Amino acid sequence: MNLRWFHALLIFFSAAVAVVFGLWCLSQYRQDGEIGSLIGAIAAFVVSFGLVVYDSWFLRQTRTLR
Amino acid sequence: MEIPYTVEARRDTGLNNGKIGIWLFLASEVMLFGALFASYILIRTGSSSWPRGDTILSVPLATFNTLVLISSSVTMVMAWASLMRRKLGTFRMYIGGTVLLGLVFLIVKYFEYSDKFHHGHFPSTDNFYAIYFTLTGLHMLHVAGGMAVNAYFWGPGAKQYYTNPEWFTNRVENSGLFWHFVDLVWIFLFPTLYLL
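Which chain is which? The protein sequence lines are A and B, in order.
The first sequence: position 59 = 830 (this note's numbering), numbered continuously.
The second sequence: position 53 = 92 (this note's numbering), numbered continuously.
Bear in mind the hints are in silico, worked out from the structure with no lab data behind them.
Incorrect hints may appear among the rest.
Claimed, not checked - No more than 20 Å apart at the CA atoms, straight line, and that leaves these computed lysine to any residue pairs for SDA-like:
1. B/Lys58 <-> A/Met772
2. B/Lys58 <-> A/Leu809
3. B/Lys148 <-> B/Phe103
4. B/Lys126 <-> A/Thr833
Claimed, not checked - To be clear about the criterion: a stretch of chain A counts as covered by chain B if any three or more of its residues have a C-beta under 8 Å from a C-beta of chain B, and this derived list gives those stretches:
5. 774–783
6. 800–809
If you're wondering where the values come from, they're calculated on a predicted model, not measured in any experiment.
Cβ atoms here follow ideal geometry from the backbone N, Cα and C, with glycine treated the same way.
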């Protein structure tokens, strides 16, 4: 495995952690009802989606780097 | 006498010397952090009460640091890609950014640790803080080590680019693999210690 694939793997795990963080924010929102927690959850899901998009973009752009 | 397989791959393994070396090293690192994670799980499941990380640790600071490390992995891979395209100036910019982001991570951890010490929380306080300081402290040492190597490649180590650019590119890739491993450890540490 070269750095290109290791980077893609790291970004994939980062996207997964962003989802976990979003779920944690949602659980906080259910407990305290603070709007900040809801915004945090939405931001986390957006970041997760962005990371997945970046991951596929990165793999396409670096296809020649092996 | 010239050292063989610094650039070209060995026919039997398909890897050059540096790549084999870094993967063996990373395998030993997996065992080190794996043992610590296993200890954490055993201590936590065996404990009658265990504090939730989000009640005593700063989740916003840790979230910020997670974003910093993910960004640093992007700059690291861009540094390597720049060398692959033979652009030393761009490489220097990205590797410098990686070092700076590592520094930001350590500064944030300094404030986090200072706050804990200020409130009288030390590794000897309880099992939670013992495992928290051990895991995050060891991780910080790895970040500092990666920064030192990357700073060397940014500075004096870059001289090798003029004499053997392929070998230099391989060395930067190996440094990048280590840096990504350190980032990956944090990606597991963050939810384990701070959110659960």
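Hints violated by the structure (listed by number, smallest first) = 2 and 6
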